[in-house]
Amino acid sequence: MATLTLLAPLGARADGPYVSDTACLVWLDNATNASSGDGILGAFTVGAGGTASWIHSGGFSTLVLTSLSADLEVCTPFSGLDNVAVGPRLEVRHKLDVGPYAPAVFAGIDGQLVGFDDPERSKAEGAVFAGYSQRFTDALQLVVEGRAAGCDARETVFTGSYARLGATLNWDPNETWRFTVTGGWRNGDTVAGYEAYKSPSGWEPIDPGAYELTGPWRHVATFSKPFLDYRVSAQTWSYGAAISPAVGRNTSVTLGFTRFETLGPDPYISDEVRLSIAHKY
Amino acid sequence: MNRLLAAALLAATALCAHAAGIVRVVTKDASGNPVADAVAYAVALDGTPQVHPPSKPVAIVQKDQEFQTYVTPVVVGTRVVFPNKDNVQHHVYSVSPAKKFEIPLYIGESSASILFDRPGPVTLGCNIHDWMVAYVFVLSTPYFAKTGTDGVADISGLPQGRYRLEVWHPRLAAKVERELVVAESGDSTQVVSVTLRPDRRIRRAPDAGGADYK
Numbered sequence: 070m071a072t073l074t075l076l077a078p079l080g081a082r083a084d085g086p087y088v089s090d091t092a093c094l095v096w097l098d099n100a101t102n103a104s105s106g107d108g109i110l111g112a113f114t115v116g117a118g119g120t121a122s123w124i125h126s127g128g129f130s131t132l133v134l135t136s137l138s139a140d141l142e143v144c145t146p147f148s149g150l151d152n153v154a155v156g157p158r159l160e161v162r163h164k165l166d167v168g169p170y171a172p173a174v175f176a177g178i179d180g181q182l183v184g185f186d187d188p189e190r191s192k193a194e195g196a197v198f199a200g201y202s203q204r205f206t207d208a209l210q211l212v213v214e215g216r217a218a219g220c221d222a223r224e225t226v227f228t229g230s231y232a233r234l235g236a237t238l239n240w241d242p243n244e245t246w247r248f249t250v251t252g253g254w255r256n257g258d259t260v261a262g263y264e265a266y267k268s269p270s271g272w273e274p275i276d277p278g279a280y281e282l283t284g285p286w287r288h289v290a291t292f293s294k295p296f297l298d299y300r301v302s303a304q305t306w307s308y309g310a311a312i313s314p315a316v317g318r319n320t321s322v323t324l325g326f327t328r329f330e331t332l333g334p335d336p337y338i339s340d341e342v343r344l345s346i347a348h349k350y
Numbered sequence: 133m134n135r136l137l138a139a140a141l142l143a144a145t146a147l148c149a150h151a152a153g154i155v156r157v158v159t160k161d162a163s164g165n166p167v168a169d170a171v172a173y174a175v176a177l178d179g180t181p182q183v184h185p186p187s188k189p190v191a192i193v194q195k196d197q198e199f200q201t202y203v204t205p206v207v208v209g210t211r212v213v214f215p216n217k218d219n220v221q222h223h224v225y226s227v228s229p230a231k232k233f234e235i236p237l238y239i240g241e242s243s244a245s246i247l248f249d250r251p252g253p254v255t256l257g258c259n260i261h262d263w264m265v266a267y268v269f270v271l272s273t274p275y276f277a278k279t280g281t282d283g284v285a286d287i288s289g290l291p292q293g294r295y296r297l298e299v300w301h302p303r304l305a306a307k308v309e310r311e312l313v314v315a316e317s318g319d320s321t322q323v324v325s326v327t328l329r330p331d332r333r334i335r336r337a338p339d340a341g342g343a344d345y346k
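Going line by line, the protein sequences match chains A and B.
Position one of the first sequence corresponds to residue 70 (my numbering), numbered consecutively onward.
Position one of the second sequence corresponds to residue 133 (my numbering), numbered consecutively onward.
Any given hint could be a false lead.
What the hints assert, rightly or not - Restraint ranges, calculated between C-beta atoms of paired labels, are given here:
id, chain 1, residue 1, chain 2, residue 2, range
1, A, L234, B, T281, 41 to 51 angstroms
2, B, T255, A, F205, 11 to 21 angstroms
3, B, T321, A, F326, 35 to 45 angstroms
4, B, A244, A, W240, 50 to 60 angstroms
5, A, V161, B, D196, 18 to 28 angstroms
Stated by the list, open to error - DSS-like cross-link-like pairs, simulated, lysine-lysine; straight-line CA separation at most 30 angstroms:
id, chain 1, residue 1, chain 2, residue 2
6, B, K160, B, K188
7, B, K217, A, K349
8, B, K188, B, K278
9, A, K294, A, K267
10, B, K231, B, K307
11, A, K349, B, K195
Everything labelled a hint here was simulated from the structure, so no lab data went into it.
Glycine residues also receive a C-beta, built at the ideal position from the N, C-alpha and C atoms.
Based on the provided sequences and hints, a complete structural model is requested.
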């Protein structure tokens, strides 16, 4: 709500604001990005955020959307992952025809400043994105989106530059229920964690196989155990499903599961269960 | 003289009452529940009565990102305006055969009224908010009425004669019509059963963390 108050004067000079708030509870079973046997630790995260968007007419069937988001996440039991994020977004959206089944294309840029309680994780991200949205029937809609960024600031899982392609298929059997399946592919920098111990010569991974990794590494004190994080380039496949009942016209609750499978020299798997609520004003 | 005039007025009034009956149409669905937003209309089988569109445009207001009137019956030749009372822009359109038009993104009053010059159902939408839907039903008969939440519509001003009574609803599964005779004695009640398809609306609730206007 503080976000809304701050943005109200801007909104008075634009079309909007279109405002939405979200709150979520997330269980990530591998917050350390560790391979099996190398120190997998799970973590709960509680989050809340708000987005205010302004809509400008860019001409026939074209919208220009500008928005500002602010989010807060508190991670238990690893306070180093607590973070706040703010970021603007500029998006151009064009519907190629009229009617609910007309495809829409969109593209834009966004950015985020993320400050973690663990200062080494704080960073800024800038990204470009583009996508395509198609409603096949009143019940079925596909959204495909590509994204490239210099840094994955929002995710504690990844860091460094990356490109991502994702698809979302929504099925709404009626006005209340939505079932979603998602799939994604990401190529770029990742961070793999290895449980470590302190030897006379310094921090070393418990798993001797980690020595085969050639990427840069550093000691991480974020977790309840010491870790060495290796930065490697890898591909990640993700796939998930969610169920989302609407609670009235402007609110929905979503329970979703997503599995991330990172390949490469140090493969690891992360499962995420997310319960969230979204409300738009 | 005054008595004569009064008698003549009384006779004329009585004649008009006989010549203009009211047909009450009571609509019910398969479960016996009243059907709101159905258009009941009578098509004259003996002659073609003229329709007189209103001199001022009919308004279909958009508010809370919905059309405020779900079904609007009008006669051929009626102009309709689409005031947008939201704080976001709308892009009203129709791709229906009876009327194709679009009013690109606007807020406040629409720039021009739309002339509905052919009979038939017209589905309205917003090209930004896909869940917004409403209907204009364009009629070539002056004898029509829309049912309220009680499922009742009173068609008034019907001269004596033969008619085809029809009922239209956006979710009507099968055509409903019957012959109707308006007698000299005037008013009548018609109970009409209609079969409706399920109410299918595009969901408008937001996604958690997702962008809007997809």
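Here's how the hints hold up against the structure:
1. A:L234 <-> B:T281: 41 to 51 angstroms: holds (49 angstroms)
2. B:T255 <-> A:F205: 11 to 21 angstroms: holds (18 angstroms)
3. B:T321 <-> A:F326: 35 to 45 angstroms: Given a distance of about 57 angstroms, which is not inside 35 to 45 angstroms, the answer is violated.
4. B:A244 <-> A:W240: 50 to 60 angstroms: At 39 angstroms between Cβs, range violated.
5. A:V161 <-> B:D196: 18 to 28 angstroms: At 26 angstroms between Cβs, range holds.
6. B:K160 <-> B:K188: With Cα atoms ~33 angstroms apart, K160 of chain B and K188 of chain B exceed 30 angstroms; violated.
7. B:K217 <-> A:K349: holds (18 angstroms)
8. B:K188 <-> B:K278: holds (20 angstroms)
9. A:K294 <-> A:K267: holds (11 angstroms)
10. B:K231 <-> B:K307: Cα-Cα ~21 angstroms, so holds.
11. A:K349 <-> B:K195: holds (15 angstroms)
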